[in-house]
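Fit the two chains together into the complex; they arrive one by one in their own frames, and the hints show the way.
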Amino acid sequence: MQGLIALFPADDFTLLAFIVLLPLLGAFVNGVFGKRLGREAVTLMGLGTVGVAFVLSVVTFLVLREQQGEGTEKAARLIWHGWDWASISLRAGAASRISVNFSVDALNGTMALVVTGVGFLIHLYSSKYMEDDPGYYRFFCYLNLFIFSMLVLILGDSLPVLFVGWEGVGLCSYLLIGFWFQETKNAAAGKKAFITNRIGDFGLLAAMGLLVYYAGALDWSGIEAGSRNLLTPVAIWPLGHHFPFYDHLGRVGEILNARVYVSAATLVGLALFLGCAGKSAQIPLYVWLPDAMAGPTPVSALIHAATMVTAGVYLVCRMSMVFVLSPAAMFTIALVGAVTAFFAATIAFAQNDIKKVLAYSTVSQLGYMFLGVGVGAFAAGFFHVITHAFFKACLFLGAGSVIHAMHARIHDTDASQDMRNMGGLRKYLPYTFMTFAASWAAIVGLPFTSGFFSKDEILLKAYTSSIGLPVAGGTLGEGADEMKLMAWPAWGGTVLYVLGLLTAVMTAFYMTRLFLGIFYGEFRGWKIKANYKAPAHDHDHGHHAHETGPLDGPKPHESAWQMWVPLAILGSLALVAGFWNAPLLHLHGFDEWLEPVFKQASENVKTIEGAEGLMYPFVGLAVAAFAIGVGGAYWVYITRKGEPAKRFVEAAPGLHSLVQDKWRVDEAYDEVVIGSVDSLAEIAVVGDKWVVDGILARASAFIVSALGTVLRYFQTGVVHAYGAFMVVGLGWMAWLLMAPRAEAKTSNDAAAGAFSVSAAPGLGYKYRWDANGDGQWDSNDYGDKTEVNFNLDVAQSRKVRLEVKNAFGRTASTEVTLSRPKPDKSGGAFEVNPDDGTIKRLEPTPNAPTPEVKP
Amino acid sequence: VSPLAKLIFDIVPYALAFTLGALIPRRKSTFERVSLGIVGAFALLAIRVLWPNPAAAAVSAEGATEWKPLLSLIVFLPIFGAAAVLFLPRQSPHLIKRFTMLVLAVDFFVSLGLLSVEWSRGWHFQHIVPWIPSLGIRYHVAVDGVSAWLVLLSTLTTPIALYVSFGSITTRIKDLCFAFLLLHGGMLGAFVSLDLFLFFVFWELMLVPMIVLIGVWGGVERIKAAYKFFLYTMAGSMLMLAAILYMAWTHLKLAGYPSFDYLALSRLVLPREAAWCCFIGFFLAFAIKVPMFPFHTWLPDAHVQAPTGGSIILAAVLLKLGTYGYIRFCMGMLGGPAWIAAATLAGIAIGGGIIYGALVAWKQDDVKRLVAYSSVAHMGFVMLGLFGGTESGIQGSILQMLNHGVSTGALFLLVGVIYDRRHTRLVREFGGLAKIMPVYAVLFVIVTMSSVGVPGTNGFVGEFLVVLGTFVSETLGPQAKLQGTLAAAGVILAAVYMLSVVQKMFFGPLDNPKNRRLPDINVREVVAVAPFIVLIFVIGFFPNLFLSRSQDGARTVVDHYREGLRAYRETDPDSTKAVLAPRRGGPLERGYPEGPATPEPAAAPDQQPQALNAEAGK
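From first to last, the protein sequence lines are chains X and H. Quick note on numbering: my numbering labels position 603 of the first sequence as 603, and the sequence is numbered without any gaps. Quick note on numbering: my numbering labels position 376 of the second sequence as 376, and the sequence is numbered without any gaps.
With the rest of the complex left out, here is chain H (with noise of 0.2 angstroms):
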């Protein structure tokens, strides 16, 4: 076979694609004819790529040739495009439009070279680069099974609510993508610090841009919002500074020389009391930003308030923070504690969450408030997977993530367009809907369908992973099988407020005369919810392909989590002397933040390890 045949052989199933995306809008738009069949396209390749192939994995393994610098041109693509954006002209803001969204095409398809090796156990495309060596400061990112996802998320959903932005918003174009950069720049930072004070770095960078997004293009009460969103999330923050100061202050103490590495504070095994504190101090952090009961009550403020861009970014990403953070750190650094809390967290998420969140959310008669609330419910069967414990219950989280990504980001997309129609979200407002927008109408279901949670969309999977790790988990002990039970019962709930506000905005007689001559879903809005549509039948149909990646991630996990408690156990309950545990070697320490004088050798990873542990005074 010639390679030209074989060229065209492999292009056919593509053009195919592109052909059935291209031929599906009826509009006379060749824009939006493109679009769909690239997305068409895309979503083939992506499937084809994604395949589980375990000799492709045997190969990359073998030889992975990880280009260094990848990460770090991702996060610093959004960052330097926003410092240039500042040199465009105000005046020109197709100009400021066209370039931003060219940055973040271009990080997008850069970001898909996450996927080019396995995400085996260990870090990925590790950059490490010095940066206040006098206080043992890093730069040093990485991304693995757990976070990798989250990054592909933030660079899709990104351009996507920008995009949908420019159709709604008309003023100030040079800040709002100046805001937009640098959100983008600071939420991929947060994903991939593995050195604690860049994460704290990024973690407050991206909270300046969501503020003046929130504040300057939000509704009617959008400083009252701004300043609700700022304060919870900064008291949070504190706690978690204060937390970390201490953790990199005791490594000091014990190693000799100062670090704030992910990789070298993780080996801490603080005393009793202390690791209690850390973990509240990390927890309050993530739990407001996720955010949990009680600390959810800013979220359905900063949601109605913001326009819809930000709120896209606000529930497809800034909350995953929350969940990553949660994965990453308490479980990774501080799994004593966790582990202990866990079955009451539990209780919290179901009770105060998935249960709490959809009672709440079904009363609510604003759509967005509504959603915001839904997101309260989702993030509940996240964090409970996390306390679950088991390896499927961390999959299940990692996956609900990316699916409460995809479909609140929808959902919040959709109302965006009723919104910029009627300039008002009250449902009561609403009603037949269906007959004049029926294309609208379709989405909106189809988006309804994957919140609810039913087979065959990607709610299902990520739910259902959840409640069958909190069966088996052994974290919650013997109440496992009950809150399983209940976390089950949750999907009851989700479809009485989903499809309540389905019926009451879409079905129904059309009485209300200003909603006679609504124009249907326009090219720009189907070009962007259109990724999230596939993406809701591919996650529903081929989890694996997502799962399969993140799979030696969520197993790290759950070993962390495992040696964290194992630590706390054995450490006296009356001791006031923090220890460090012995080096973990392998994969998991490359890069591991060596001390200037005396570097400890790295046990082999097959081996015992046997090093004394170091001690120190508190």
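One chain only, chain X, in its complex shape (with noise of 0.2 angstroms):
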């Protein structure tokens, strides 16, 4: 250990980049010649990578303990500096570097176990999963490539590499979900989970704007260091100075343009976590998840279960130190993740595919990590996220097992995910069962499982916990920019706790329906014919008219090891893991590990008083919730054959089919959000085309054409045509000829006092003047004199007048005022400017004279 230590400094911990990048390598390698190198190699290169990745994470988890040993005051940390990336300009002329950095604590150490250890167990359930797939290679590339981007997620030492991250794993979602292409449905599923996650993307990319401009950095230390900055308040009313006409609108003008501030902290934080909304499929952009569950069942395992969807729990961790600054934003998590929670619960009830009711519980969980963190519960709520981990991969490798099994007989994919073609698979599939037996009872809480201990953790702390103010009194800014932040409600515990509390009875409830109806009871698959096609959404579950006896046909048998030892680590890991963490026999083990990294986060969480004492009375509701669940599935669906659950159907036909189509929120979100963008990019289009096309181009061609359409008249080619022209231009220019004009021009030397005035010349052009401005002509003769040149006094003005005389004897005059004023006192044209030394013309007095022209 010693030797790492000394091998690898804590300040160039190089063994970061190797997790990093061998992933990476098995992607390229897989991708580029996998086709060419045969499935033996693509297996070792997909497993072997992610092994070794493994097997490094644990020698930093190791180095980790030891370094975090020596001195438990401070979080200790291993960093891998990589290379500039980027130099990005702060507020004021400031500018500050992004670095490829990686670095490792108690936080992402044990997330990067959890993610190489889960993800080398299902790319080896997948080498026997997808064996027959043409697209084997493909598959690894994506799974490694995921990896690879997990890692960076994870590992990244700043916003823009988590990012890196963020995205790229969305991008292998994308097209892991979508790697059976050739089906649109597959395909529309994967573009929808991408875009739908970049509407959480774009959350982050304006976390990270608001980021650079409050905190001034964009890395965690600098962030960390950064963060008092986000207690600023931001006005976000009116967008511009005032609302437009507000003074005109009386009342209603002053309330729309009364200003609304919010703290930096809270718009920070809830854009970050628009961000986990997306990667972490909570309302309102959860609809992505359980259309993800068209990918390969280990996908779904993988990165819609155990590490992906995780991300957002990661990033509220990881941004905590922002987090606690915002009592709204901490509320709108916990909140939006009990909803979630909730929420989702009840869709799962009436789901009949195993994948989606595994899907839609998951939704649900991370449900309850958010409700944990948004609490204050940081490690509660990360605790969950590795014991859902085990749990849940191992329920999605289990069904994946069930469905492998179904579909050797089936060959439908839709069709052999259906409960209602399964039933008593116990006898053919012991390992399966086993293993599934041990993740459910950990998910529906059965006491000491793991699932039961971080559950009833979050439970806790969702009543007993809150987010205290920043800031005594909560008050922000000065003078007129002062407002109050928003303090955690009084209610906030009360009602998070009934949310959570009622999602874990309905938790119990419909997983152990899932599990009863997969396991228990008569193997309903024998009816099923072997090229039978799901008919296209009916309603009336549990009714399938299949009247013909069993048919031949291959019996469901159980998987290969590459398949069941996977599902054996991860139910013995969902049974055992949750002693890391268990407050109820005093292991305190996973609170002490992160206690370090949440150190600044927890200063302003506030439990209230007596919680200490809460403890054993909430153990006890989270063992009925339990009870509750599971012996009301069991009497529904085992004591009473499933008969109260047709009652129910066939009571409430309305609310059973909108609960089975998710309460129809994917049509509400068709109908309104897309519906709204697609007209607003319909009338772009025609608006594109008509408008801005039909006015720059359309309507001045027209113009010049029209143009030219008239002046094509003139141009006929008819000598008399022109020759009428000619004759009509010539009269016109001998009446120009003929009408005399007289203009005159002053020009003069203001401080002598010398003026002139000048006559315009033309044809023929005869001249008399009045220069001494007596009224009378200085001689009634006409001349050629064409200027007169004269002094003035000081404030002495004159009358200059001019006749004009052309060759025909026509006469026009003018007369011009000339005037000297006073001469100008003020002295020098020149000012210096004592800041920059620039020497500044000013205007000119206006002391020349200012001729009046007369005609």
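No false leads were slipped in.
With a straight-line cut-off of 27 angstroms between C-alpha atoms, the simulated DSSO-like cross-links for lysine-lysine are:
| id | chain 1 | residue 1 | chain 2 | residue 2 |
| --- | --- | --- | --- | --- |
| 1 | H | K435 | X | K185 |
| 2 | X | K192 | H | K363 |
| 3 | X | K799 | X | K745 |
| 4 | X | K128 | H | K435 |
| 5 | H | K224 | H | K174 |
| 6 | X | K745 | H | K253 |
Everything labelled a hint here was simulated from the structure, so no lab data went into it.
Below, the structure is given as structure tokens:
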């Protein structure tokens, strides 16, 4: 260990680069050369790189433990400096560097362990599951690329590097959901996932912009240092300086023009949470996750259950120092988490596709995690990430094993996932059954399993924990900018806890329904024809009128070792992992391990009085929730053979179909969001063609061509017409020549008082002047004198007259008044700016005479 | 260590990169293997040469030896090449093709000489020859951190565009080669000209071959599209010419001797109204070229009708002249109006470019039209970075120009591939192509991701820097954060329109019988697109290779921009007098066109200029 630490010092921990880059190597080799290398080589490359990355993660984890043991005050952090990526401008001309650095501390060290460990097991599983797929190499390329992106996401030392991984996992998710791209449904699901995630990514991008502006940094330590700057009021309304026309609207205008302030921390927190909601499938962006089940099942286990979807929780933990500055943002997170948990659980009741049930259960469990981190229980929320990774991966892989077995018989993707075709499979799939049972026990909260401990902790904290105001009194800013921060509502704990507890009951119920539906009762799949196709969307579930008797065909069979060994490992972890953090048994290993990471954040987290004493009553409630849920499901589906469920469906068919259609949220989004953007785009297209192009190109072309059409009539080539035009033109010119025009120009030297007036020349013009201003012509005869010169005294003025006679004897006259002002005493016309020494020419004082010209 | 061992040791990485590249293709084509191997080795070489190295930078700054005629060689090699093509026999197209490719290849390698020095503050490879002394017109070319990358982008893109054109164009090869070489020379000349008259000559020079490209080898409505392109561009050019002439005339009045030189004209502090008129003249010319809303409608028509090679050049290089011109001339010479108009124009760039362009792109059924509108959106990002006026925003814009050249060039190339096979570009004609054209599909998806701006590809870096630059921008005032947020929302729409077209073309069932037997991308097309694909990742992962070189250029732009604003603010609003600002001095004014009689002494760079401002009547 000491040798390792000497070899890889904490500030140049090269091992991280290997952990990250190995899966990338695997992805490159598999993607480019995989088809030629053959399946064995692809398997070796795919599994080998992730396996070695896992081993290295374990080593890193051990080094980290060693380091953290030395001084527990500050979180141990190992960092590898890559290369400079770009430099960014900050406010007021400062600049900051963004570097490709990877760092690891207790938080992401644990997460890396889960990602590479569970990732490796799922790779192993996939090597059998995808065995016969022609795109085997492609699959492993994507999987390795996913592990690479996920590691970049969690190990990145700054938001931009995290963002590379963040979108990278989204890309891999897109590629893997649409892995069987020849079905439009799969490709569409992939696209939906990517675009929904992008909406979240937009939030993250905006958050980065705000952080650069307010905190002045994007790397973890920089954000931590600058986080107090986020306690600044930001006016978010009105958008300009004031609302347009507010002063004409009376009282309404005043209301519309009232300034609305939000703290920068709240803005950043909500923007970040939008990103988290996209990636971790929370309301309102959860809709992509159930559709994502179109991908191969190992993908659902790895990406859409164990790792990628928990990235949002990781981000909240990572940015905890920013989030705790805003009780409003944190309460939003907790509330959205709790509501999502509850909402998704209701949908899971009515689904028959086993992957869909698991998908909604994932959404629901992710809601729990956000509930946990939202109330400031970061360690508890993050612990649920880990236990959930174990039991949900195991559930999905178990479901995959079931589907694999069913598929061998049915050869239809949809039908082999339909719970109504299963039942009694515990006989045929013993290993799958046992592991599925273990992870089922964990998710429903059987006491002393991992899910029991982690969920219980979250529920307890939901009631007892809250976020305090970051500044005393909660007032930010001064003067006109003063604002009050929103405090944690008093009813918050109760509402969050009740939602959480109800969800626990419902989880226990629907998971037991799933479990019993798959493994207990009689195998209903005998009645399915070999080339069975599910009728499109029938809503009378439970009533499949297949009257034919059992058909011949292969029996469902247990899977190969590559598939059940990962199941066994994950199943056992699902049972025992809870003991890492079991406050009930006074085991606080995990809390203590993460404590230094959340040290700064936890200063702002408040706990209600008497929280210690609440632990045992709350455990009792949690056990009761488990018992009610599981017992209820057992009673409905085993004791009464599903009768109550059927009666319920018959009693409220509308409600049932509404729930089965996922509350028709997708349809509402289609109509409202997609529909409006679509209409906007249609309008833009029409506007582009007829308004923009119409005015700039078509209308201007029309004007030119219309002018041309008119002018063409003058270009007839008929000599008579040209002659006529010429005569008209000549006549016009003659008239111009016959009318004399008198124009006088003046020039002066104001200082000396010398003035001159000159007449504009013309053909055959003669002039006579009244230069002395006595009202009499100087001489009554017209002469050739075109200019008169004279001097004026100060403050004297004179009226000069001019008369012109042209060759035809016609006359015209004009007069000019000239005056000499008093001298300007203001002096110099230059001014020197004392600041920067520039010299500015002042506008000269108008001391020149201003001639008044009268025609 | 013996020199031989050292040499071998140095060569090993390149040999490995070559081998890796050569191993990628699966076809039995030696040419493909060797080409991809060269691309691989070259990429490694580029990364190693470009890797920022402070020690080497210091050495280079001290003893910078620039071979002055380098830029002239780069610009005139294709132009003389074009002249030479005229003397080659029309009957032997192979000879003409080889000769043209050779000229372009040599030009590319010569242009790599630009990388031999650090692009520190000031002008590099400056080459000045008097041209029309009586009017003060000089042949003055030079590059800085802003224009040098664009020169390299052009010298890389044109050979690729021409090479891929040879695959689909079989008629009038001689004319094609002539037009391409002339176009190339014109574009390069416009990027490096520092004399406004010279700039205008090159600006117009490249217009002619482009119209010929569209009008001769284009689609059905090619003549109409060529007209539209010509008239739009010409309208802008005329306004710009008027502005140039006005500024040169004012300079003559003030300094007493004529000059069209950028260095001289950028000293002018025009009275406010005149400054605004000149700004509008320049801005309209560049806005049409970029194109910015609402002057963008010529672009889709030109792209749809242009042949593949023409589209690549048009998207990758020609549009950059608009953004380059805005940086150099609007921000460099008319900083005041540019700064004041920036917030409004940024609104247009976001609303009319990033969002509107994306929405319209989404609804197009012709792939080329779609890519053309996506260009409007991408160029909106470039312009937004410039309007923001922060260093990282301008850096992002410069990089985004390269990115757009790379990704959109590659997209047009790939659209050309499918057009050559099916003679249609309508999205509804395709579907499920990934099944029969797997390599093509992979390449298309990679380029799509770059266009969408997925991190790890080049597209992300530029957009990211622009968005962050917008957030901290002073120029945009109190709306900066709102505008930054709206620009960030553009990334959603980019994903919407690009992924829709990818899904419709490549995924789903292969149900159009006409597509059943389409051959996958061929050797020529792979070789042509390979450099783009490599660049997508190199820029995506190591943007600093490019940014560190353009940094000083961007900084200078920001400085001039601020100086321009200050001078504008100091001008009396009612004044009708133009003045000449003090000389900047230092490396920025090397090659200043000194007057014949009274050369003004250049102020030392560190000393506050104190010279009396010259003054003259308007």
